[in-house]
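From first to last, the protein sequence lines stand for chains A, B and C. Counting in our numbering, the first sequence runs from 1 upward without gaps. Counting in our numbering, the second sequence runs from 1 upward without gaps. Counting in our numbering, the third sequence runs from 1 upward without gaps.
No farther apart than 30 angstroms at their CA atoms in a straight line, the calculated lysine-lysine pairs in the DSSO-like style are these:
1) B:8 with C:214
2) B:229 with B:3
3) A:71 with A:91
4) C:260 with B:11
5) B:237 with B:226
6) B:170 with B:229
7) C:214 with B:49
8) C:393 with A:91
9) C:213 with B:11
10) B:52 with C:213
11) C:21 with B:265
12) C:318 with A:71
13) A:71 with C:290
14) B:265 with B:47
15) A:71 with C:393
16) C:214 with B:52
17) B:193 with B:3
18) C:214 with B:11
19) B:3 with C:260
20) B:49 with B:256
21) C:260 with B:8
22) A:91 with C:318
The set of hints was computed from the structure by calculation and includes no laboratory data. Every value quoted in this text rests on a predicted model; they were computed, and no experiment measured them.
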Amino acid sequence: MSHIERYEIRIAGFGGQGVVTIGRILGEAFTLYEGKNSVNTQSYGPESRGGACKSEVVVSDGEIRYPNVRKADVLIALSQVALDAYIADLKEGGILLLDPNSIRNMPDRHKYQVYEVPAMEIAYDIGGVRFQNSVALGALYPLIAHIINESSLLRAISENVPAETVEINMEAFKRGKSYVKRDEGK
Amino acid sequence: MKKHPMLKYLKEEGPLGQRMPLILCPGCGSGQILNYTLHAVDRVMNKDKIRKENFLFISGVGCSARLTSHYLNFDSAWTIHGRTLAIATGSLLANPAFKIIVFTGDGDTGSIGGNHFIHACRRNIDVTILCINNGVYGMTGGQVAPTTSVGTITTTTPYGNIEEAFDLCKLAEIAGASYVARWTTAHPHQVIKSITKGLRKKGTAFIEILSQCPVHNKLSPVTMLKKLKENTIQISKEKESGEGKSLIGEFCDLDKHEWNESYQKLIDQFDHEEGKS
Amino acid sequence: MSKEMKANNTKKRLHNVHLLKPGEYYLQGSQACIEGAIMAGCRVYGGYPITPASEIMEYASRRLPQVGGRFIQMEDEIASASLLIGASWGGAKALTATSSPGFSLMQEAISIAIMSETPMVIIDVQRPGPGQGYITASQEDVMQARWGHHGEGSIIALAPSSVQEMFDMTIEAFNLSEQWRTPVLVMAEEPVAHMRERLLIPPWNEIEIIDRKKPQDLGIMPENYLPWGHDIVAPMANWGEGYSVNFVGLVHLEDGNITKYGPQMHYDCVERLFRKIEGNVNEIARIETKFLEGCKNLVICYGCVARTAIEAVIEARKEGGLDVGYLRLITLWPFPQEKLRDIVGNVNTIFVPEMNLGMMKHPITEALRDRFKKIVSIPSLGVLHSPEYILSKIYEEIR
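Could you put together the complete structure from these sequences and hints?
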């Protein structure tokens, strides 16, 4: 695993898309199962620009001082509004993970590494939109595999979902992981 | 001269200095109410073998409030206007064994304390509330109270009160108190009996005691006591000649779940034994 | 801490089998402060819902019965604060959490608690105002914390800046409230209440817990007990212990008498309350410093703003080559004037970033009046400062 000075992940979307849950699971995975430091925050209202809800995870092998994202390494945008609001804060060459079914105006694929996963569609297919968190996390995993073990993520998911849904969530994760693909543009 | 039997429950000296002369105005009904209360406490302490340490007297602000802490040889508290029931609730959460008597007045209960009064009754917490209702804000100089009847002239209703008075007993009953009664200072035995019942009741006991304020009514105490008798009618006799009179008697006497009883069940769900988790 | 105290503490806590065991946890600040409270022995919580403090209350409602404590949702904040007084005098350590509008409602009870010297802890997750306010970040109550209660006297207020500190400083708040027989405020902000970070719980016998001094422990019998005497912090007999204690919220003599009133009696009573806290400021108040040695400029901060400030200071030193020091007020009140004067030398500019228009700037100015050439407020309303923002203000001034 690479040493992390400071790695910033931002997740944004509408309320109910699991934005907060994804952030919480990531934070727990990094902190309790990877032995790193992480701060997970979330905001609502005008703070979240135009009705988008956002969640952030700042990770470090050292001490984390400022708790919020300054310039994100990863942006997971689950809605157009979220993408429009937060694309400017994504580093050039940063990772952008989108649900293509929610996005009409795609960003500059040369400026960022754009990946897509139809999280909602896959979730519906498995059993319901509530599994979209795990699909998104599964899609994210290969993109950050250099700083986190899969087992840590899986464990964090299983600790944070109802016991009877652990299996389905694991399946959702797997599907997200195998689907996610780089969007090179036309 | 034989000592009054209740004197053993009063200190010779307290926060208000020497007990005599009393803080209370001559002829004030609060003194009688203190006497009746101590009789009831004495009865419960001896017959039911409740330890003296378990009794706790709490009051807010006003004439009624002067009964605690100044002379009582018990744990007591002279606290914030209207917030007595919240403070009583706090004490019960710290120690469910307390036997709490709250001295309060018409303003302390019906005005600033209204919200806490409603919720204490709703929760049916284990307190005995003695509401000394003299129909006026005595301590602060005779302003109108939520229990002042229509037409009365007070320092803030110089042209006569245009508002209806609260029926605090009805309020207590509807809010959920286990035991609700109303008497007057002219009904010593009934008051003592009700307070005894209240202390023994698991839950909120609300006892309103109509009391004379000779100073603000500018009448002699004897006249006022007579009027208290004449202008009240027992519930059972209401139909006969109840026109324009205040109802006195026991309005309700129920056995209901008390707050701490119910909460204890929550606590008992969790295993608290040493070594187990 | 002595071996005996350690053993005693462990014994006290063995029966609380639902306390969090030593180890690592990933919790919200809202949860961490409750874990700290129950670790400190708090067994009564009464509160009223208010954003952004409701999570604290919700978590308390789950945890209190698990550790044999009692939780109640009261009808309003006035009731909640009053409840703490009753609970404390009934012998329990008691807690409530609220936000700024609720904090306003609690001031009368706080005032009574100061006069009656009632140990209790109030957490204020501040939100911007005035008025109904919004539900975001704020430090706008820091003056209200000190001066919001009517009347004289003083109070203790702490400013946590992380999830770990929400745990540690809630324990500290209870310890201070018991040791000094005073209400203690934990002035938190929305970011620190809602963020999730690692919480490290040390072995239980390493956590110092302080309980109020009791006359029984000092061999003082009821007939010789002076409710407000014996020491600058009077031993506290609670209701139900056979001491026939008469609680008053009025100016009083040592024996509780309130009638021998006069200007001197009034002064003696109230001045002692003031001196009890302010006279012991050096023992009570804590600060944290970095890069202070010989620095030419200084950033003074508190609460979660400190996390932004230190980031900015480090960058200003590294990238900007500026000689900037960092000082964090961990205790806001009593204000550590002497401590500041002891360690801060002459500087050019002092920067005070606050999530208000400049409040702690005033006691800072008073304390260091002859040590700086300029003092600059860096306000941010409703949102936590970013490092860029603080840096821009620093560079504006001294580059």
